[in-house]
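Enquirer: With these hints in hand, go ahead and build the complete structure from the sequences.
Here the protein sequences line up with chains V and F, keeping their order. 252 is the number of the first residue of the first sequence in my numbering; add one for each residue after it. 16 is the number of the first residue of the second sequence in my numbering; add one for each residue after it.
Just so you know, nobody snuck in bad clues.
Once the Cα atoms are required to be at most 25 Å apart in a straight line, the calculated BS3-like pairs of lysine-lysine come out as:
hint, chain 1, residue 1, chain 2, residue 2
1, V, Lys376, V, Lys392
2, F, Lys28, V, Lys394
3, F, Lys22, V, Lys392
4, F, Lys18, V, Lys390
5, V, Lys376, F, Lys18
By construction, these hints were calculated from the structure, which means they are not laboratory data.
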Amino acid sequence: MENNAIITIKDLTKTFPMGKSSFTALEGINLSLGTGEFSGLIGPSGSGKTTLLNIIGSLDTPTSGEALVLGHSIGELSAKQAARLRKESLGFIFQSYNLLSVHTVFENVEFPLLLLKMGADERKKMVMDALEWVGLTEKVKSKPPQLSGGECQRVAIARAMVKKPSLVLADEPTANLDAANSHNILQTMLKLNKELNTTFLFATHDEKVIGYLRRKIYLLDGKFEKEERVGEDEVELKEVESGRRLSK
Amino acid sequence: MIKFLIKGLIRDKSRSRLPVIVVAIGVMLTVFLHAYITGFMGDTIEMNARFSHGHVKVMTRAYAENMNQLPLDLALMDVEELLNNLQQQYPEYAWTPRIQFGGLVDAPDENGETKAQGPAAGFAMDFLSEGSREADRLNISKSIVRGRMVQEQGEALLSDDFASKLRVEPGDEVTLIGSTMNGSMTMYNFRVAGTVSFGTEVLDRGSILVDIEDARLALDMYDAAAEVVGFLQTGFYDNEMALNTASSFNNKYTAAEDEFAPVMKTLSQQGSMGQYVELSNVWAVYITMVFVLAMALVLWNAGLLGGLRRYGEFGVRLAMGEEKGHVYRTLIYESVLIGIAGTIFGTATGLFLAALVQEYGIDISGMMEGSSMMMPSIIRTRITPVDYYIGFIPGLFSTVIGTMLAGIGIYKRKTSQLFKELEA
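Expert: Below, the structure written as structure tokens:
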């Protein structure tokens, strides 16, 4: 699966000033992610997974070392260039969905395309496609407060996927969902990963999510701890099992 | 994108309705207060002009120096000639002679004995000449409480309060006891045609209004007048224009040593009216500035609260790749829309309230008892063209400034904290 590397991290260190001293959140991280991977940064709170996700998502910069994302060196990007990278190539899924509550499902999913200044017809087609991927075409006119938590997260996935980004970053995407909805969401993401060959990178310590990952990168106290790779068959099996559980 | 923002603005009531209401209230107060101040101060100026000062006034130099004493012995002579000259040289003014005098008004009983008497301020004006606008200028027909307007020689109007004190009714005779311009005593009988209420304590307390020809007879002032007053044909006092006219007129008499030579004084050069005119000019500016500042603070606060409430939305937008500058600009576009909407509503409401007060007025006569200043006891607003656009200053300007200040937080926001902030 790991063909062209879209993320390359070399000797990355991130420190935050804390008064007169500083706190090291990440130290000596080396990592390479290829196109189409379904992987996750795993670790307890304070392990540095969100900090690493921030840097990969061009929301933060490394203190030292290098983070190359889709050919862009994150540390060297200006705020405008970083925003452009996020706008054009990255999708974000948040724990709390963060949908715009006064806008309809359609408008929420449409928003990233508005930033890309796409034409109305093209936008409509892409939004409907994205809503079809997540099975919410009948909810286009609903507003977030009218949706369940699972539906909201599916809208958030559609919003992240609508522009067909190269990389989707998801921070604890199932933390606010029950088991059934979590599996449903993860299956949707897995399906999109397969069908669109989009790279997914999670930051999580949720066992439900970890079970779906094909590549598990463990962090502890800001350092790389270990890495596990799971065969596609095992994940497929899990999908079938979870599918059975859901159908009961 | 604009459509998307407008949809959000319309649907999110706390983002549109509440700020629009806040802006509209501020604008309404600004418009109303401006019309109120213009009306109140303008009324006071015009009332003083109409009853006493004129927009400009021509007197003898000696009279001007002792104007407070109303010295009739220093009055203007050859007034017809002076009037003709003034009308030819300054046709933008309506010129009219007047005599202000003091005296005692005596009301006799059926036996001709004094029933009651009291001191009166006398006003002699041109009521009976053809084409004279003096009665309209003083709004006498609407001010008549009992009886009617003076229609022939020998008739007088008394202020209604004064007539009540003297127990005089229309049709009764009264005697004016005073002194002529030559200093001799005079007694002249008038028939009371009617009583008037000017709505001004200082006039209502005790005044008698007579035609100027009667006054000339009574006070021995043939072809004389204490003063010749000029009123701008526009109907409103224009200080700059009045000063230019006075300067032009007075330049013709600079060389004259004669203390009876005419001198022209503007309304602002008489008594304390100058300060009042200055005050009325700057007052609207002060009020507007105070409101702009107050509104800016209120809207800044509202913008901050709105910004806090929309913290999540801005965070998501930044995370999705919208530039900080774009988020900031959209916030300002929204504030422009809110400012315009609020200003239109506020201006309309303010003008409506001002129109009501302009029509019906607010009676403050209860607060005016004993006042020696000539001020209207019924306050009316005056809607001027400025009122149609003055609301845009606090409404639009303050809203945008408030939003710009509140929106600075967008630039200070650290994107590295977005994931954490959006977890809540």
